[in-house]
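From first to last, the protein sequence lines stand for chains A and B.
For the first sequence, the working numbering gives the first residue as 1, with consecutive numbering after it.
For the second sequence, the working numbering gives the first residue as 1001, with consecutive numbering after it.
With a cut-off of at most 20 Å between alpha-carbon atoms, the simulated DMTMM-like pairs for lysine to aspartate or glutamate come out as follows:
#1 B:Lys-1073 / A:Asp-270
#2 A:Lys-288 / B:Glu-1072
#3 A:Lys-273 / B:Glu-1072
#4 A:Lys-228 / B:Glu-1213
#5 A:Lys-35 / A:Glu-326
Rough simulated footprint, nothing fancy, chain A against chain B, three-plus residues with beta-carbon under 8 Å:
#6 1062-1068
#7 1071-1080
#8 1196-1203
#9 1221-1228
Read the hints as simulated data drawn from the structure, not as lab findings.
Note that the structure is predicted; figures quoted are calculated from it, not measured.
Here a beta-carbon is modelled for each residue, glycine too, at the ideal position from N, C-alpha and C.
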Amino acid sequence: MQFGIFSVSDVTRNPLTGSTPSEATRIDAIVQIAKKADEVGLDVFALGEHHNPPFFSSSPTTLLASIAAQTRNILLSTSTTLITTNDPVRIAEDYAMLQHVSKGRMDLMLGRGNTVPVYPWFGQDIRNGVALALEHYNLLHKLWREDVVDWDGKFRTPLQGFTSSPRPLDDVPPFVWHGSIRTPEIAEQAAYYGNGFFANNVLAANFHFVPLVNFYRERFAHYGHGTKEQAIVGLGGQAFIARNSQDAFDSFRPFFEGNPLYGNSYGLEDFAKGTPLSVGSPQQVIDKTLTFQEAFGDYQRQLWVVDAMGLPLDMALEQVELLGTEVVPVLRREMAARRSAGAAEAPTHQSLVAAKYGSAAPRQPTPNANRGDNLTGARPYQDTAEDVSAKLPLVG
Amino acid sequence: MRNVPSDTPVRLVVINAGVGDPSTTRLLADQVAQKSIEAFEAAGLKTSLSVVDLAPLAGDIARAMVAGFPGEKLAEVLEKLAGADAVIAAAPVYKAGLSGLFKSFVDLMDNDLLIARPMILVATAGSARHAMVLDDHMRALFAFMRALPVPTAIFAAPEDWSAPELSRRIARAARELAAFVSSGVGRDIAGEAWEQYQHQFGSKAARTDQGGEIVDFDTDLMRLATGGAAK
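This is chain A alone, in the form it adopts within the complex:
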């Protein structure tokens, strides 16, 4: 079981001081937060992707690569990578590179994105959102598994004899989570490929996402990847922790009430009671998180948002510290004790390498020599299988 944090990458006014951090300040802050998460022993740090102010994370692989260089153990991920508006070829290249420079300490979560104008900024149309997500992933899946790809789809130019480079580290593709809050097609795709499924588990009633997670589990089993219990499930959540419950509510209230997304809806107490938002002492956050395991079944990844709503850096760091020292160690014990024997472990690069190669040495793709035309032909790697051939475009 992995525990960690995910950030939306919002730049929000601090309601206590009335001041809004600059992009530079927030970008520095998020690196500090990720480093702190690594120091206190959290397993995962994930970062969103947005292409408009007031968000700063338009280029997650660049930022995650920098964080990878400054951390030791923590696995870096996204929440989410936009599979709709990014060219899957770029995703294949960028994330394979991140996988190399982080030495496999990464995976990614794919999402559609819900900001309508972003689609045309990248030449797409939100009305095709679900189809884009599905088709783009089909291509991404191939690009990471086949040295030479011929491909023809609806949403981008066809590929003939294309090789996405670098090949994934150890020729083992990064693990992929598919994030969705209501779309059975996305859960179906996650199940079909045996990938992970993530429900953000925020801004909805308690256990609202159980039916979709159960649907994914059933389809995962249907496609023969294992039992329903072995499906790879991740959940989000949001936490604000203080030593005692009343301090948590008192400290968090101005941030909650000052936030347009939350402050005009239910009161803080009702929100904390009726939704997955955890506010309170470490024990209260532990108790609430254990209800997730009870309702959703054994799962593999729990992420919390701790830096949103204009929380200043020192408070966000304190949240990470409390999670890492007071909450997660107890949850690791308690969840392990409640875990059924058949439940899957969270996938890592090491576990995927072991699953693919056993004790054998992993493949290390090595290109053929440059022929002088900056191309290596239909068999780009020295060990590319003999039967690989590409439909190269005909000239003339």
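Could you slot chain B onto chain A? The hints should help.
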């Protein structure tokens, strides 16, 4: 939607958007409910009646609009509606339109919550000049919801309260409702063709009566999800 008639009573749910106490809208809704119970009885059906007053839920409705999801109390009411065999929807007319409270409540319903559900539309107003709001606005709203409002809708302006025709119209609407319910037309429409309507995954309609999610695997998107090609 369950099989009617049967030994179990008809689940009749009244939604009242009148805010006064006493409220003329509630008074009219009660009369329509009473006549409906009598009409069900005449058709050999027992009734289990629930009345939902929206006024005490006004704050919850407003907060749910902003939050994007209903709180506990509202979720219970919506689940009750999802399980209703027949519905009486009663709203006051304000400023030439349906009460905003009523419309906001309907805005919180899943689109498939009331598919093929027999219902009586009821409205009150301060003037007979508002009479067409019922058929022009409320009926259109429930057409969008794919519900089954009976042919007679009940409207009462101040002068109607002293007119015997009002009671006769109520009795007529109640008979129509009983005919809809006892014929099983809702079951025939929604029960057999449920998957042919649009559903959003996780809707309250699917969670109650239909006993599970409807997911159509025979679609272009589902083929695309499983490695196939989009058309």
